[in-house]
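Q: Read top to bottom, the protein sequences are chains A and B. The first sequence begins at 1 in the numbering used here and counts up by one. The second sequence begins at 1001 in the numbering used here and counts up by one.
Bear in mind the hints are in silico, worked out from the structure with no lab data behind them. Just so you know, these numbers come straight off a predicted model, no measurement behind them. Idealized CB from N, CA, C, for every residue including glycine. One or more of the hints may lead you astray.
Stated by the list, open to error - With a Cα cut of at most 25 Å, we get these calculated DSS-like pairs of lysine-lysine:
no., chain 1, residue 1, chain 2, residue 2
1, A, 14, A, 55
2, B, 1068, B, 1052
3, B, 1106, A, 41
4, B, 1077, A, 41
5, B, 1077, B, 1106
6, B, 1106, B, 1060
7, A, 42, A, 64
8, A, 42, B, 1106
9, B, 1068, B, 1056
As the list claims (entries may be wrong) - Label-pair ranges, simulated between beta-carbon atoms:
no., chain 1, residue 1, chain 2, residue 2, range
10, A, 41, B, 1083, 33 to 41 Å
11, B, 1015, A, 52, 30 to 38 Å
12, A, 115, B, 1030, 24 to 32 Å
13, A, 18, B, 1053, 23 to 31 Å
14, A, 17, B, 1012, 39 to 47 Å
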Amino acid sequence: GAVVSQHPSRVICKSGTSVKIECRSLDFQATTMFWYRQFPKKSLMLMATSNEGSKATYEQGVEKDKFLINHASLTLSTLTVTSAHPEDSSFYICSATGGAGYEQYFGPGTRLTVT
Amino acid sequence: GNSVTQMEGPVTLSEEAFLTINCTYTATGYPSLFWYVQYPGEGLQLLLKATKADDKGSNKGFEATYRKETTSFHLEKGSVQVSDSAVYFCALSVSGGGADGLTFGKGTHLIIQP
């Protein structure tokens, strides 16, 4: 199957700083990428949908100014957590797809810890 | 809104036991239904899917049937192996999976003991 990578796999940052997470489709062109957040013992919650070259669409309750998403190419999307706080600590997972009707392929996730 | 409810674990079974993980859903329209599996340290992988009522998805000995009348998509396997130990997620999509994000259940941690 297709491969999606995320970098970094783990990151620790201080409160008030920003951190960027990259999501790459390694062997296919991803017209759409999704960002999810997973809390302990909770399901994955969709944060936003990004289409290449367009602004991301955020789910209700997700602060677009805090979670900046850029999908500048067909193989790369980035999620920047700005002015991070301890409550932003979580497991962030991206997925990528070639479009409607195609399977979503998931990255391995990034563990963010804000101290 | 859409939602998925699945049994929470951990579920611990002996090798060769029969497995059932229950999943029910609430959705507008006619969603597609999925089971994903997450092995330790890896990303979610699609295990099987069904796109319409009475469809049966199957893969690697796992099966699930889309039951519209009971809004369910229970995962079954006749004889589990230690290598099946993982976290299993039930999910739905109203667009078929590629155009919109998925709605997930909380995941069921399955532990198979030799």
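Q: Now tell me if each hint is right for this structure.
A: Each hint tested on the structure:
1. 14(A) to 55(A): Judged against 25 Å, a Cα distance of about 28 Å means the pair is violated.
2. 1068(B) to 1052(B): holds (8 Å)
3. 1106(B) to 41(A): holds (6 Å)
4. 1077(B) to 41(A): Answer holds: residue 1077(B) to residue 41(A) is near 24 Å, not above 25 Å.
5. 1077(B) to 1106(B): holds (20 Å)
6. 1106(B) to 1060(B): holds (22 Å)
7. 42(A) to 64(A): Status holds; Cα separation ~22 Å.
8. 42(A) to 1106(B): holds (5 Å)
9. 1068(B) to 1056(B): Holds - the C-alpha atoms of residue 1056(B) and residue 1068(B) are around 12 Å apart, at most 25 Å.
10. 41(A) to 1083(B): 33 to 41 Å: This hint is violated: roughly 24 Å between Cβ atoms.
11. 1015(B) to 52(A): 30 to 38 Å: Violated, at about 45 Å.
12. 115(A) to 1030(B): 24 to 32 Å: violated (46 Å)
13. 18(A) to 1053(B): 23 to 31 Å: With Cβ atoms ~47 Å apart, the hint is violated.
14. 17(A) to 1012(B): 39 to 47 Å: Given range 39 to 47 Å: holds, Cβ gap about 41 Å.
The earlier numbered hints that this structure contradicts are 1, 10, 11, 12 and 13.
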